[in-house]
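S.K.: What follows is the residue order along each chain.
2 protein chains.
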Amino acid sequence: MVMLTKELKNFIMQKNIVDTAKQAMQRAIEHELDLKSLFPLSATSSATFHIADFGCSIGPTTFMSVQNIMEAVNHNNNQASTTKLPLEFQVSFNDQTNNDFNTLFRSLPAHRQDNYFAAGVPGSFYGRLFPTSSLHFGSISSSLHWISRVPGELTAAGRRDSIQCTGLDEDVARAYSGQFTRDMEAFFDARAEELVSGGLLAISALCLPAGAVLAQTGLGMIFDLLGACLVDLAELGLISEEKLKSFYLPMYYPQAEELEASITKRRCFSIRKLVKMAPPSPEKSQKLIQTSDSQIRAVSEAIIKQHFKTITPQTVDLIFQRLKEKLAENMDAITSPTTLHHLEVFILAKRL
Amino acid sequence: MVMLTKELKNFIMQKNIVDTAKQAMQRAIEHELDLKSLFPLSATSSATFHIADFGCSIGPTTFMSVQNIMEAVNHNNNQASTTKLPLEFQVSFNDQTNNDFNTLFRSLPAHRQDNYFAAGVPGSFYGRLFPTSSLHFGSISSSLHWISRVPGELTAAGRRDSIQCTGLDEDVARAYSGQFTRDMEAFFDARAEELVSGGLLAISALCLPAGAVLAQTGLGMIFDLLGACLVDLAELGLISEEKLKSFYLPMYYPQAEELEASITKRRCFSIRKLVKMAPPSPEKSQKLIQTSDSQIRAVSEAIIKQHFKTITPQTVDLIFQRLKEKLAENMDAITSPTTLHHLEVFILAKRL
Numbered sequence: 001m002v003m004l005t006k007e008l009k010n011f012i013m014q015k016n017i018v019d020t021a022k023q024a025m026q027r028a029i030e031h032e033l034d035l036k037s038l039f040p041l042s043a044t045s046s047a048t049f050h051i052a053d054f055g056c057s058i059g060p061t062t063f064m065s066v067q068n069i070m071e072a073v074n075h076n077n078n079q080a081s082t083t084k085l086p087l088e089f090q091v092s093f094n095d096q097t098n099n100d101f102n103t104l105f106r107s108l109p110a111h112r113q114d115n116y117f118a119a120g121v122p123g124s125f126y127g128r129l130f131p132t133s134s135l136h137f138g139s140i141s142s143s144l145h146w147i148s149r150v151p152g153e154l155t156a157a158g159r160r161d162s163i164q165c166t167g168l169d170e171d172v173a174r175a176y177s178g179q180f181t182r183d184m185e186a187f188f189d190a191r192a193e194e195l196v197s198g199g200l201l202a203i204s205a206l207c208l209p210a211g212a213v214l215a216q217t218g219l220g221m222i223f224d225l226l227g228a229c230l231v232d233l234a235e236l237g238l239i240s241e242e243k244l245k246s247f248y249l250p251m252y253y254p255q256a257e258e259l260e261a262s263i264t265k266r267r268c269f270s271i272r273k274l275v276k277m278a279p280p281s282p283e284k285s286q287k288l289i290q291t292s293d294s295q296i297r298a299v300s301e302a303i304i305k306q307h308f309k310t311i312t313p314q315t316v317d318l319i320f321q322r323l324k325e326k327l328a329e330n331m332d333a334i335t336s337p338t339t340l341h342h343l344e345v346f347i348l349a350k351r352l
Numbered sequence: 001m002v003m004l005t006k007e008l009k010n011f012i013m014q015k016n017i018v019d020t021a022k023q024a025m026q027r028a029i030e031h032e033l034d035l036k037s038l039f040p041l042s043a044t045s046s047a048t049f050h051i052a053d054f055g056c057s058i059g060p061t062t063f064m065s066v067q068n069i070m071e072a073v074n075h076n077n078n079q080a081s082t083t084k085l086p087l088e089f090q091v092s093f094n095d096q097t098n099n100d101f102n103t104l105f106r107s108l109p110a111h112r113q114d115n116y117f118a119a120g121v122p123g124s125f126y127g128r129l130f131p132t133s134s135l136h137f138g139s140i141s142s143s144l145h146w147i148s149r150v151p152g153e154l155t156a157a158g159r160r161d162s163i164q165c166t167g168l169d170e171d172v173a174r175a176y177s178g179q180f181t182r183d184m185e186a187f188f189d190a191r192a193e194e195l196v197s198g199g200l201l202a203i204s205a206l207c208l209p210a211g212a213v214l215a216q217t218g219l220g221m222i223f224d225l226l227g228a229c230l231v232d233l234a235e236l237g238l239i240s241e242e243k244l245k246s247f248y249l250p251m252y253y254p255q256a257e258e259l260e261a262s263i264t265k266r267r268c269f270s271i272r273k274l275v276k277m278a279p280p281s282p283e284k285s286q287k288l289i290q291t292s293d294s295q296i297r298a299v300s301e302a303i304i305k306q307h308f309k310t311i312t313p314q315t316v317d318l319i320f321q322r323l324k325e326k327l328a329e330n331m332d333a334i335t336s337p338t339t340l341h342h343l344e345v346f347i348l349a350k351r352l
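These protein sequence lines are chains F and S, in that order. Take 1 as the starting number for the first sequence in our numbering and just add one per residue. Take 1 as the starting number for the second sequence in our numbering and just add one per residue.
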């Protein structure tokens, strides 16, 4: 798994979507959060509301999302018919150990309120990160498509047609979907133990449109072009053909129903809200795609370097120079009205 | 305040002292920790014991110290006459935002037990860092001598004889001691709010021998030599004389009684154990002092660079080259049997 840069988060979660997600989340929290039952004993003594952001990366989007959650919780508290709780917030920012926590900590909102305490928690969210029943709210945004590893059967067998799960090759699709299922099981098992009964989990994820496969979407096409660049460079002898055979991107975009099933299957969570947000307008998409080479570089460069260990910086530059060219050549197909777009899906689940 | 490198921690807290501190701490925890009263409701459900290490720096010493605390807590739990609590540990590592948390996180013990959850908490320990009544154990080792700032009246007035509080100049001593008192007030006020009633605070600190002033100790002499190096370089025109006038080290070594008074004064803590550990043997001290130039560089370089903003790397090198020479010239005086040594003081205080 690789951290998602704020650039790519901005790229895939545009401002209008963030705003819609914000409103959906705030309304859902207001409906579903029952502070009195979470803090039955805290009428007078202080109550700490513990929020965790999973896959926080390094910044601004995360801080805004946490702010939205706190606003909604405060709103609930202020609307309470009985005594207002003396709330404090413990906010834990989680990401892989290789995330740049130094930068994250330096960019924490400087003038936080007195009752906002921040911490960083390193580690994979496919395992336990917090003590049992210690969280009141978990949030994960644009990170669940990073599977924990490329399925071993694929890298062992050698590559078929693509560096990703396009959905067109059945074996590849089965291997990826199996890994996604196992990862989701681990994710929801860990969160089920960490969240208190009545606690909430907010998930924002990019999903494939119903019935579609990745190869039919703009994002899928872009990553396929990246694959084509790698093939070109292997043919030129600049990267190892052998290594290319075992190169896959550790990303899997489920359909919303697949994600939904992975939540309900565990019987620990109940889905209280599921919103499929409209894709961005074609004009906005086109604008974003025109600069997508740098965004794709931001997410894939580290993965490429890690896999092709001896790759030179010049070769890496060449890959993304080629990608820019290929994007220009294929812009019409990528932005065509018949090309499909990913959906931003927002789910609010409650720990039973 | 500047982080204490593990090298300097090793330099001032030698292994024999660490071992003595470990035993003193374990025995004190076993006497003073009452898990049943800390977790009255947790006979069957899991109980999270929250440990915070203040001024953790980047490593090994901190991890060992936390391990000692967990062992002692587990020992208490196993000795319990009634049911054993299903304990989990939340360990929070705190240091200034400019601490290298990335390195800290990468060097966390790789095979931690399932019930050991780690987090990093950035910020000054002279303010609130955790929610109200959320800590069961606080630990601070070799960090309380870093005062939050050099007293403003000193930097405004221009330097007297030394870059530190040697204890020989009354005005300087009063300014430093005033800052230390204010800082301790802030430190213990914050910890009093964060610790639950019955929670413990373990403090390890280097203190001056009773009745002594810093100038009479080996450590004081070494830092005075650093001051002499800066004067030399100012005379050579390599650093600004003007800037030198306002340069002070933000360190203050109290006498044990001064530290003790700052705890009991707040009436929130009761001192349950106070141990003054024997200084290292003269042979060991001598060995350590012979390589102390690099240790002193580790703690003071960043402070010097920050103050003398335009200083070149060559000038910085020159400072510590001179220090090495001056240390060699003054080795006899520093290691003489009449020269005093700092005391390692261990205090265990209980939140009332």
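Bear in mind the hints are in silico, worked out from the structure with no lab data behind them. Here a beta-carbon is modelled for each residue, glycine too, at the ideal position from N, C-alpha and C. A portion of the hints provided could be inaccurate.
[Unchecked claim] Now the in silico label distances, taken between C-beta atoms and shown as ranges: (1) Arg160(F) to Asn78(S): 53 to 59 Å; (2) Asp317(S) to Asn98(F): 30 to 36 Å; (3) Lys309(S) to Ala173(F): 55 to 61 Å; (4) Thr103(S) to Gln321(F): 57 to 63 Å; (5) Asn98(F) to Lys276(S): 49 to 55 Å; (6) Lys245(S) to Thr20(F): 45 to 51 Å; (7) Lys84(S) to Asp34(F): 28 to 34 Å; (8) Met64(F) to Asn78(S): 45 to 51 Å; (9) Pro86(F) to Thr264(S): 24 to 30 Å; (10) Asn98(F) to Gln113(S): 18 to 24 Å; (11) Arg27(S) to Lys265(F): 33 to 39 Å; (12) Pro60(S) to Ser148(F): 28 to 34 Å.
S.K.: Each hint should be assessed against the structure and marked as holding or not.
M.R.: Hint-by-hint comparison with the structure:
1. Arg160(F) to Asn78(S): 53 to 59 Å: holds (55 Å)
2. Asp317(S) to Asn98(F): 30 to 36 Å: With a Cβ separation near 33 Å, Asp317(S) and Asn98(F) satisfy 30 to 36 Å, so the hint holds.
3. Lys309(S) to Ala173(F): 55 to 61 Å: holds (59 Å)
4. Thr103(S) to Gln321(F): 57 to 63 Å: Given about 34 Å between the Cβ atoms, the range is violated.
5. Asn98(F) to Lys276(S): 49 to 55 Å: violated (44 Å)
6. Lys245(S) to Thr20(F): 45 to 51 Å: violated (59 Å)
7. Lys84(S) to Asp34(F): 28 to 34 Å: Given a distance of about 33 Å, which is inside 28 to 34 Å, the answer is holds.
8. Met64(F) to Asn78(S): 45 to 51 Å: Check passed, 46 Å falls within 45 to 51 Å.
9. Pro86(F) to Thr264(S): 24 to 30 Å: Given a distance of about 29 Å, which is inside 24 to 30 Å, the answer is holds.
10. Asn98(F) to Gln113(S): 18 to 24 Å: Since Asn98(F) and Gln113(S) have Cβ atoms about 23 Å apart, the given range 18 to 24 Å holds.
11. Arg27(S) to Lys265(F): 33 to 39 Å: Given a distance of about 50 Å, which is not inside 33 to 39 Å, the answer is violated.
12. Pro60(S) to Ser148(F): 28 to 34 Å: holds (29 Å)
When the structure is compared with the earlier hints, violations turn up for hints 4, 5, 6 and 11 and for no others.
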